[in-house]
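Trainee: Here are the chains, one letter per residue:
Protein chains: 2
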Amino acid sequence: MTRLINTQPDETNNLTDEIVRTSVRRFKDDELQDYEDFVAREYPLTIILNDQELVTLLCTPSKLKQLAVGFLYSEGLLQSGDEIRNLTVDEPRGIARVSTDTGQVDSETMHKRFITSGCGRGASFYNATDITGEKVTSDLRVKTGDILSLVRDFQHHSEIYRATGGVHSAALCDNENILLFTEDIGRHNALDKIFGECMLDDISVDDKIIVSSGRISSEMLLKVARRKVPVIVSKSAPTDLGIKLANDLGITLIGYVRGKRMNVYTENWRVV
Amino acid sequence: MTRLINTQPDETNNLTDEIVRTSVRRFKDDELQDYEDFVAREYPLTIILNDQELVTLLCTPSKLKQLAVGFLYSEGLLQSGDEIRNLTVDEPRGIARVSTDTGQVDSETMHKRFITSGCGRGASFYNATDITGEKVTSDLRVKTGDILSLVRDFQHHSEIYRATGGVHSAALCDNENILLFTEDIGRHNALDKIFGECMLDDISVDDKIIVSSGRISSEMLLKVARRKVPVIVSKSAPTDLGIKLANDLGITLIGYVRGKRMNVYTENWRVV
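Line order of the protein sequences matches chains A and B.
Just so we're aligned: 211 in numbering that gives the first Met the number 0 is position 212 of the first sequence, and the numbers increase by one with no gaps anywhere.
Just so we're aligned: 7 in numbering that gives the first Met the number 0 is position 8 of the second sequence, and the numbers increase by one with no gaps anywhere.
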């Protein structure tokens, strides 16, 4: 048996490459061929908050500081970028260290976990059923033509990543343009990277649109709701709980955006 | 604003329906239409092991006992079906109670979490980098034609679910037939349901093939490795860490099975 794979870091594969070379035996039309292919890298990033090891995320190795900050925010462990005293990422060892003014997380919080279904990281410290968030009241309006056009641009941005292994993407947009774009093997990570970047660079999100490549489940909705984003758009379907939360929290949820069609599940007054 | 959605349980939607009715406003070719559509249900299932609340999974409400057992096994909290003294599921409240001979989980185990990227649940108590599992040594051989045929059948089984919202599927197969088939909004849950069912019904898996609809990341590989399954097949791509683990653990990893082609990433001697 030949040892086929070479996915360890070496001269041809950098540790933080997002895609890596691998050998593969392909069967096609009854023929056999050995060749080199590319697959998405899965990189473990351990987040240490105030000297306490919190979690290890499996992610695409890009925008790691943004991911760490966005994750902490999504989990309710960070309220604003101003709380961060220090933020370093040790890429070779896969460690993000964050120091804040808020001190350690109590073990009760650590214990109360909410492991989700999502095509994305999944675990969360909050409980979806405990949510008592304020409604999003933004009077933003979006045109159907603009949404279709944003999703077309978004698909175009994602092309290279989809080609190499179907990773997920997320984008922050205004009515006409993609402002930030991220990709990750997990759809939750991609969204956390967007929000982390916005926190670090002081970019407002409560007047913007989020586009995601993945299914809109409850946890995706909760992340968006925490940041008061009024509109979330996906080419995929939502779940019933995603729709229920969008409705309760006043968020316009648009799914199945494909070609010239889209479904608006909630708060359709924002779509003109 | 009309309240569009009706995703709460009522006469038309049963609590454990896998898909539920929802109202939606559709824009299509510049026309607007209000109609009823179906979306996947996202159901929270809290697992209580020996009176200790362990985790809440977001899942598709089917095979809940199997999911609870499979999850506990995957997390290393259960070694065999014989350890189970009692197993009940309270469907309306979304609670699975499992009593075993093994007692409570220590808080250190609870704390050491490994939140994954996966299109699936994601969190896990083990650390992928700590794995020192034995190699899978099964001398099972599979024919390329059989794999292509199994994946065709698998796709056919999945059709109804994909149509209503893109949920994931997993199957246990022998060389020619699908023996068990499950679906879930999370690809990890779908696999846990398969393994839970095998544990409860005493079905061997170490001479079988697993087919999954989702990307093969490290955590999927670890679940399969724990059960000593020699072959895992997906129409999607693997990640580099998935390939590395398959190689280290002696598992044949086949991806991108589409039409008449497939990629064999590791242990290709099993494919004849």
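Check each hint, because a few of them may be wrong.
[Stated by the list, open to error] Distance ranges between label pairs, derived from CB positions:
1. B:Gly258 / A:Glu52: 28 to 36 Å
2. A:Asp173 / B:Val271: 36 to 44 Å
3. B:Arg25 / A:His156: 21 to 29 Å
4. A:Asp201 / B:Lys134: 47 to 55 Å
5. B:Leu139 / A:Asp205: 38 to 46 Å
6. B:Tyr34 / A:Leu178: 44 to 52 Å
7. B:Glu52 / A:Asp50: 21 to 29 Å
8. A:Ser148 / B:Arg260: 45 to 53 Å
9. A:Glu133 / B:Arg20: 23 to 31 Å
10. B:Asn176 / A:Gln154: 21 to 29 Å
11. B:Arg92 / A:His156: 40 to 48 Å
12. A:Arg151 / B:Arg260: 45 to 53 Å
13. B:Leu139 / A:Arg84: 53 to 61 Å
14. A:Gln32 / B:Glu133: 42 to 50 Å
Keep in mind that the hints were calculated from the coordinates and are not lab data.
All C-beta atoms in this analysis are idealised placements derived from N, C-alpha and C, irrespective of residue type, glycine included.
Trainee: So, for every hint listed, does it hold in this structure?
Mentor: Structure-based check of each hint:
no.: 1; hint: B:Gly258 / A:Glu52: 28 to 36 Å; verdict: violated, 46 Å
no.: 2; hint: A:Asp173 / B:Val271: 36 to 44 Å; verdict: violated, 56 Å
no.: 3; hint: B:Arg25 / A:His156: 21 to 29 Å; verdict: holds, 26 Å
no.: 4; hint: A:Asp201 / B:Lys134: 47 to 55 Å; verdict: holds, 51 Å
no.: 5; hint: B:Leu139 / A:Asp205: 38 to 46 Å; verdict: violated, 55 Å
no.: 6; hint: B:Tyr34 / A:Leu178: 44 to 52 Å; verdict: violated, 33 Å
no.: 7; hint: B:Glu52 / A:Asp50: 21 to 29 Å; verdict: holds, 27 Å
no.: 8; hint: A:Ser148 / B:Arg260: 45 to 53 Å; verdict: violated, 35 Å
no.: 9; hint: A:Glu133 / B:Arg20: 23 to 31 Å; verdict: holds, 29 Å
no.: 10; hint: B:Asn176 / A:Gln154: 21 to 29 Å; verdict: violated, 38 Å
no.: 11; hint: B:Arg92 / A:His156: 40 to 48 Å; verdict: holds, 43 Å
no.: 12; hint: A:Arg151 / B:Arg260: 45 to 53 Å; verdict: violated, 29 Å
no.: 13; hint: B:Leu139 / A:Arg84: 53 to 61 Å; verdict: holds, 55 Å
no.: 14; hint: A:Gln32 / B:Glu133: 42 to 50 Å; verdict: violated, 32 Å
In terms of the numbered hints stated before, the structure departs from hints 1, 2, 5, 6, 8, 10, 12 and 14, listed from lowest to highest.
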